[in-house]
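A.B. asks: Please take these sequences and the hints and turn them into a complete structure.
Chains as they are written, first to last, in the working numbering: chain A, 1480 to 1858; chain B, 2 to 158; chain C, 6 to 370.
These are computed hints drawn from the structure, not numbers from a lab.
All C-beta atoms in this analysis are idealised placements derived from N, C-alpha and C, irrespective of residue type, glycine included.
Be careful, since some hints might not be right.
[What the hints assert, rightly or not] Restricting the straight-line Cα-Cα distance to at most 27 Å, the calculated cross-link-like pairs of lysine-lysine (DSSO-like) are: (1) B:K35 with B:K76; (2) C:K96 with C:K81; (3) B:K152 with A:K1811; (4) A:K1572 with B:K56; (5) A:K1813 with B:K137; (6) A:K1728 with A:K1758; (7) A:K1572 with A:K1782; (8) B:K122 with A:K1513; (9) B:K73 with A:K1719; (10) A:K1811 with B:K137.
[Stated by the list, open to error] Cβ-to-Cβ under 10 Å is the rule here; a few derived chain B residues that face chain A: (11) G57; (12) L110; (13) P127.
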Amino acid sequence: MAEQLKDFSLLHSDEMVLNMGPQHPSTHGVLRLKIHTDGEIVSRIEPIIGYLHRCFEKHCEYLTYEQIVPFTDRTDYLAAMNMNDAFAIAVEKLLGIEIPERVQYIRVIMAELQRIASHLVAVGTFGLDVGGITPFTWTIRDRERILDLFEYVCGARLLYNYIWVGGVSHDLPEQFIRRTLEFLDYFEPQIDEYNQILTYNKIFIERTADVGTLTPEVAVNYGCTGPVLRGSGVKWDLRKTEPYAVYDKFDFDIAVGDGRMGTVGDTWDRYFVRIVEMKESVKILRQALAQIPGGDVHAAVPKKVRIKEGSVYSRYESARGEVGFYIIAGGKDKPMRVKMRSPAFCNLSVLSEIAEGWMISDVIAILGSLDIVLGEIDR
Amino acid sequence: MVELFEVRCPGCVTVTEDGNAFNVQAEKWLEVAKILREDPDLTFDSLMCLTGYDKGTDDVLGVAYNFHSMSKLHKLEIRIEVSRDSAEIPSIANIWRAADWHEREVYDLFGITFSGHPDLKRILLPDDWEGYPLRKDYETQDYYHDMPIPKDKTDWE
Amino acid sequence: MTSVIDSMLKLFGSPQAAGSSAVSLIVAVVIAGLVVFTIMAVMAIVAVYFERKVSAFMQDRIGPMEVGIFGFKGGKQFWGGIGQTLADTVKLLVKEDILPKEADKKLMIMAPFIIFIASFLTFIGVPLSENLVVSDFNIGIFYVMAAGSIGVIGIILAGWSSNNKWSLYGALRSAAQIISYEIPIGLSLMLVVIVAGSLNFGDIVAWQAEHRWFFIHSPFAFVAFIIYVIAGVAETNRTPFDIPEAESELVAGWMTEYSGFRWSIFFMSEYANVLIISIIASVVFLGGWLSPLAIFGVHFTWLEGPLWGLFWIFSKAVFFVFVMMWFRWTFPRLRVDQLMYFCWKVLIPFALANIIFISVWELIF
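C.D. replies: Shown next as structure tokens:
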């Protein structure tokens, strides 16, 4: 026995392959991660997606443009308004129609409310991922108020089908502006409360600062967009750099990570960008609500969308990043090809790059900071 | 931009019919891609989108690449068309990492092989799925793991 | 201080034949065991309800509000849903008991009982009031710590036998954590032992009655008290030190494959451990069954006696339980290496320094 023990080759250790998901509390849906671990240290990660693939792009070839809009709801179900808006803008570019200014304003209001709602879920579930349960219930409580507003506008709370090609389905109800302003007054102090319980919590900072640093070069090369890219310190926001709709009329800042707690582009920065972005969204909302003009919201809605041959690639800044729609029109009322460039798809692909070498707990924190929605990744 | 390519790589690119994009031959794609990335006047550092398409009319499959330069703030669309039977395009996953998953997706749904891709396998569909669903001549398999696949499309349209 | 078993023996037995004293010993032990078991079970049920209400209060929710007892529902009142945990208990007990096919079944069945036995044995040495302890050891603190650390064997067995990687991770994390955090707990209790000069809980409380409560005894004792509370939270695997369970990482850690009755035993032991840690904190640092009014020199004779002792000790313990819940619903979770760092590089050096300083303090004063 003694001789045997001297032979250290008997004490060899192996990598363990850990299969996280598709059913796991922290994979935010049905993502599966194949993790090769050495003890607690992760040596390789292989994300496996496709468990929620619902053939969105194939469906689009069988549906008219108007019929596709409700399908876009179901891609990113946490930011459905943004998806409606992104698709509508892409089709309008193909059609070459002018949208009434009131509709533009309504869309901006909806998009920003939706951005806040989506970031609230992101912040809350990120808290869950690092073990804090209370922030989640707080953010969900406030998101509920936004959903109430959406319900007031269009009757639906999650999947709206509100933004049509060329317009919106209903005009704003009478009390909407007052109720939204009330919500904003209530909501702004709440952000400070999230900061108290989560953002500046010592344990939270220990868990996230300097963890999973994403450098700007890597972020751009992987096609990361949205808060993930901005967390790396890249000042890039389509609302500002390539303004669509009426975003050029508003005064707001692009939130970027500044490495306040660690290095630029760490998990904390990616998280904090979302907090700042909520504040910026509130700013935009206040301006939009004050400036909104009158008009008919159905003025530019085409009777039937029929597009001559042509193709367009249209970009849109959703809550998770750049949503792109590449549409090839086939001259019929149905598109020949619709490709959705999903932001979370690209953001997730960077996971194996930044999470390797960290611990299992960190992988979960990093994954949480990427804020993925599987409905959008798998389409 | 056309002039620039005439200098750097004569005959590599032609402007498409609609005038929005460049056509590139598959064989010359890697060469062009390197110019796009590295030329100081172009520096397309970001690959926004990579779309496979099948127009269904003639025997070609296509891939459209949408590039964007974050420093120069200009955009470019490149289209590569290959024949349906021997669809093979050089992979640019080592130049733009964003292309990695997007190429896998196009391979998955259109069956276009990207030569030189580090890990080319299906991404959205199961590994043992037959056929490439987004091709216009795609026919669904009858059974998947002994489960019948419903094909009645009467109410779809 | 006399123990419950001694008093019962005295009650049953006049000095008679050896046979009958053996019988009375068995009866006494069984009665005492049943009492401890009942306390543990009731504690688990009450603590779960308490925890749900506390968390609901912190999270702007109402908590359980639908299930009542005999139509006594409460609804949105603070005592609403009072029957919820009872219903949960019934559900857990009649739930299907699943053993995975590839699991080591013998060990998997055994593991919950080892954990249960650990907290059960610990309870034997824990005083509930003056003269109310199942067995009064003269090395009470030592016994409680020793018996409490048996539990980790059960945790490792549970994690290993489940044949599940998450369970294994949970078990290994738990082993590392519990063994590490026993040291700061031991060191901070050691300080009290040095001052009071006894390992017996009765003597320690008697010392506090004579002088002053330990957490205000000296600055070092106060630091030891803080160390004890922190390490105690870690010892019971609660947030922010709940890495062995780590819901969002390890699904449920070493309990992943358990369900129904066996899982409820885990749960019961966990809450029993919370109660034990809290009671020991109140006995050792907060004067145990002494009335808090005694600090201010107010002595009411009608406020003393075993029943009042029970009341005081439980109020203090419940306060600690509340603090633990407060932690749980406020803090995020530490990472496993940070947890180890905190224990070995922060708590233990402080605890060791504390012992040196308190020895000097004792020499001077």
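A.B. asks: Against each hint, give a clear statement of whether it holds in the structure.
C.D. replies: Results for each hint:
Between K35 (chain B) and K76 (chain B), the direct Cα distance comes to roughly 16 Å. Compliance with the 27 Å bound is thereby established for this hinted pair. With a CA separation close to 24 Å, the supplied pair K96 (chain C) and K81 (chain C) stays within the 27 Å bound. Among the hinted pairs, K152 (chain B) with K1811 (chain A) is consistent with the structure: their alpha-carbon atoms are about 24 Å apart, no more than 27 Å. Taking the CA atoms of K1572 (chain A) and K56 (chain B), the gap is about 21 Å. The hint holds against a cut of 27 Å.
Only pairs whose Cα atoms come within 27 Å are accepted, and K1813 (chain A) paired with K137 (chain B) is accepted, the gap being roughly 14 Å. The hinted pair formed by K1728 (chain A) and K1758 (chain A) meets the criterion: a straight-line CA distance of about 18 Å does not exceed 27 Å. A C-alpha spacing of about 17 Å is found between K1572 (chain A) and K1782 (chain A), which places the hinted pair at or below 27 Å, so the restraint holds. A hinted pair counts as satisfied when its Cα atoms are at most 27 Å apart, and K122 (chain B) with K1513 (chain A) qualifies at roughly 15 Å.
Between K73 (chain B) and K1719 (chain A) the alpha-carbon distance is near 16 Å, which keeps this suggested pair within the 27 Å criterion. Under the criterion of a C-alpha separation no larger than 27 Å, the hint pairing K1811 (chain A) with K137 (chain B) is consistent with the structure, at around 16 Å. Annotation: G57 (chain B) was flagged as interfacial toward chain A, and the flag holds, the nearest CB pair being 7 Å apart, inside 10 Å. The criterion of a C-beta within 10 Å of any C-beta in chain A is met by L110 (chain B), whose closest approach is roughly 7 Å, and the hint holds.
Annotation: P127 (chain B) was flagged as interfacial toward chain A, and the flag holds, the nearest CB pair being 7 Å apart, inside 10 Å.
The structure agrees with every numbered hint stated previously.
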